[in-house]
Amino acid sequence: MKHLHRSLGLSLTALFVVVGLGCCAKKPTPTPAPEVKAPKVEPTPVPEPVKTPPPFKPAETKPVTDIDASLDEINRKGYVKDVFFDFDDDAIRADMRDVLEGNAAWLKKYPTVKIRVEGHCDERGTAQYNMALGERRAAQVKNYLVRLGLEEGRIETVSFGKEKPFATGSNEEAWSQNRRGHFVVIAK
Amino acid sequence: MKVPKTARFMRLWGISALALLFWPVVSAAAGAPAAVGAPAAVGAQQGRPETPPAPTPAASAGPAEVSAVITQEGGRRIPLAIPPAIAPIDPVFQAQTADRFDKTLASDLGFLPNFILADSSLFPKGARPPATKEQGDAWSAAGAQFLVDTQIQPNGEQVTVTAQLYDVRTLKPVLSKRYQAGSKSIRVIAHYLANDIVRQFFGQPGPFMTSIVFTSDRDSRTPKDGRVVKEVYMMDFDGENQTRLTYQSSLSMAPDITRDGSKIFFQSFYSRAPGSIAPGIFSIGREGGQPKQVPLSTGLNASPSISPDGKSVVFAGSIKGNPEIFSVNLDGGNLKRLTESASIDSTPRWAPNGREIAFTSNRQGSPQIYLMDSEGANVRRVTMAGNWNDEAAFSPKGDKLAFSCRNEGDFQICVTDMASGRTFQISNGGGSHENPTWSPDGSRIAWQMRKNGSTQIVSANIDGSGLKTLTSLGNNYSPVWSKALD
Numbered sequence: 001m002k003h004l005h006r007s008l009g010l011s012l013t014a015l016f017v018v019v020g021l022g023c024c025a026k027k028p029t030p031t032p033a034p035e036v037k038a039p040k041v042e043p044t045p046v047p048e049p050v051k052t053p054p055p056f057k058p059a060e061t062k063p064v065t066d067i068d069a070s071l072d073e074i075n076r077k078g079y080v081k082d083v084f085f086d087f088d089d090d091a092i093r094a095d096m097r098d099v100l101e102g103n104a105a106w107l108k109k110y111p112t113v114k115i116r117v118e119g120h121c122d123e124r125g126t127a128q129y130n131m132a133l134g135e136r137r138a139a140q141v142k143n144y145l146v147r148l149g150l151e152e153g154r155i156e157t158v159s160f161g162k163e164k165p166f167a168t169g170s171n172e173e174a175w176s177q178n179r180r181g182h183f184v185v186i187a188k
Numbered sequence: 001m002k003v004p005k006t007a008r009f010m011r012l013w014g015i016s017a018l019a020l021l022f023w024p025v026v027s028a029a030a031g032a033p034a035a036v037g038a039p040a041a042v043g044a045q046q047g048r049p050e051t052p053p054a055p056t057p058a059a060s061a062g063p064a065e066v067s068a069v070i071t072q073e074g075g076r077r078i079p080l081a082i083p084p085a086i087a088p089i090d091p092v093f094q095a096q097t098a099d100r101f102d103k104t105l106a107s108d109l110g111f112l113p114n115f116i117l118a119d120s121s122l123f124p125k126g127a128r129p130p131a132t133k134e135q136g137d138a139w140s141a142a143g144a145q146f147l148v149d150t151q152i153q154p155n156g157e158q159v160t161v162t163a164q165l166y167d168v169r170t171l172k173p174v175l176s177k178r179y180q181a182g183s184k185s186i187r188v189i190a191h192y193l194a195n196d197i198v199r200q201f202f203g204q205p206g207p208f209m210t211s212i213v214f215t216s217d218r219d220s221r222t223p224k225d226g227r228v229v230k231e232v233y234m235m236d237f238d239g240e241n242q243t244r245l246t247y248q249s250s251l252s253m254a255p256d257i258t259r260d261g262s263k264i265f266f267q268s269f270y271s272r273a274p275g276s277i278a279p280g281i282f283s284i285g286r287e288g289g290q291p292k293q294v295p296l297s298t299g300l301n302a303s304p305s306i307s308p309d310g311k312s313v314v315f316a317g318s319i320k321g322n323p324e325i326f327s328v329n330l331d332g333g334n335l336k337r338l339t340e341s342a343s344i345d346s347t348p349r350w351a352p353n354g355r356e357i358a359f360t361s362n363r364q365g366s367p368q369i370y371l372m373d374s375e376g377a378n379v380r381r382v383t384m385a386g387n388w389n390d391e392a393a394f395s396p397k398g399d400k401l402a403f404s405c406r407n408e409g410d411f412q413i414c415v416t417d418m419a420s421g422r423t424f425q426i427s428n429g430g431g432s433h434e435n436p437t438w439s440p441d442g443s444r445i446a447w448q449m450r451k452n453g454s455t456q457i458v459s460a461n462i463d464g465s466g467l468k469t470l471t472s473l474g475n476n477y478s479p480v481w482s483k484a485l486d
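Those protein sequence lines, which keep their order, are chains C and F.
With my numbering applied, the first sequence has no gaps in its numbers, which climb one by one up to 188 at the end.
With my numbering applied, the second sequence has no gaps in its numbers, which climb one by one up to 486 at the end.
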């Protein structure tokens, strides 16, 4: 009995998730099917029971989007691309503007997505100042995206200073990789 | 907390037992001239008994008058002979107690630039203590002007150490001491004796009972996702007794220790809520335990520095991503913004007088060190040379500032004399040298040195001589020396 309840609950949750996603997707194909079936549940004495309507139908009609996958997968795909900085500088480089515009366009397409911008620095500066520099870099990236029309509340920032380098090595190639604003999708 | 905790407990127990059993020595120390600035002296004596009645010298105390002559030797290095302690010929006792005592005493006194230790291969036989002029001359010929003559007596679980400091010219003891403690505390007895000898010559103890707080990545697992864990550690001034304090499996940075040595503040990315990454300022007791977070509404929350009165913390915080210097009470109350600039302000450090704060800013281009009053007024630039200066550390008297300095290439450790503005570099050789901190007697500076891909904590005399590496496991960062001498 317990098992039955749980599986019912699960399928109902699945149903809601699907409905929820369906309505948030870019092209909300009208899928009245589940809504029509819902009232049918009511007449029965127990609120939850009743055989779950096939949850596959609405899924099939929903378009596949970039954010269907898990957060890990979304982050692996790298839809939001990192930006890079000059030494001891937090200004958005001219060659990074296109990258940020591309990011903004993607984020506008998925208005439920929230991101974190991590400010990173190369190993050459002092640890303490770099913590502050990384904070500035993250803030500059955020401000740029906000100017492009993204809501502030969707972007959180953090500095890791020079604590979490992406590339090892003590040469300009590694350093240029490590002076970065790194994007992480934290909610979808 | 496994083994280190036990070791630490034993050690502390040893110290308190020593303090109780050797009241006269300890109280004499408390009555000695204050080591550093006024606030430091107050801190140094916290937790010590009130000045007791006249100290009764243990054993047959030598004539104290002689010390007046000796203190005039101040300027030059004092030649000292430290022959092994006379102890029972028992291999176990020799190995576990006598050898450790000898090694610790020689290492302590050899640590300071004030002494030259005579070569033990030249020591005369059978001349302890030097009773005749011939015997005294024999010690002089071996390069000694003073002789530390010690005996260790086991006494159940306790040991008694009797020590006399002889002037080999007058053949008289200028210092006579007796210490008793648990045999496991033999190193602590050696530190006490070393302190008493230094105090005899220079009026204040050496750094032998001080500690250094630092962070270490030695507990990082093989970084599967590049995650580096840094925990807060503490060790004796000479690198012994390295003890882990935090178990947050997070990134902990930039520790600072209160003047009384009871609490350590640090920045950490630890969070109970999964998914959220927000650095905070935490405190932890010197025995470890559960870290306590200072409630803050700011971001960044880096580089905490405790005010000399121990009531507030300055730190680099941010509002809307702009790093500024803030001050906050330990309970999160009275948050005050001290700097107002559109540029980066970071790395605040309290001056020991409690009236000034050093910090780093790039408001004039490159990162340079500035001073301001404790309320944020009267900002003036301190460092004029080099293109990157950061991580300022005031000397215990506040008359000098050590910092990480760079002109070309790697960072070095520089020291600026505040009155004259003269700056000299104390580190040399390859590698990157960062995060300096002063011993509370002002005799040494410790910092982190990166060489061949490994970052370790070293310490040296303030002229750069006597460099010693104190750590070797993993990488070790951000040393901060405790602020009281005993």
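Bear in mind the hints are in silico, worked out from the structure with no lab data behind them.
Treat the hints loosely; a few may be bogus.
Lysine to aspartate or glutamate pairs mimicking EDC-like chemistry, simulated, CA-CA at most 20 Å apart [claimed, not checked]: (1) C/164 - F/373; (2) C/164 - C/123; (3) C/109 - C/156; (4) F/184 - F/217; (5) F/103 - F/219; (6) F/320 - C/98; (7) C/114 - C/88; (8) F/311 - F/238; (9) F/103 - F/137; (10) F/451 - C/66; (11) F/451 - C/163; (12) C/81 - C/152; (13) C/77 - C/101; (14) C/164 - C/152; (15) F/320 - C/151; (16) C/164 - C/66; (17) F/320 - C/89; (18) F/451 - C/123; (19) F/125 - F/167; (20) C/109 - C/163; (21) C/188 - C/88; (22) F/311 - F/373; (23) F/103 - F/134; (24) F/320 - C/152; (25) C/164 - F/217; (26) F/103 - F/90; (27) C/188 - C/163.
All figures in this text were calculated on a predicted structure; none of them were measured in a lab.
Violated constraints from the hint list, given by number and in increasing order | Structure breaks hints 1, 4, 5, 6, 7, 8, 9, 10, 14, 16, 20, 21, 23 and 27.
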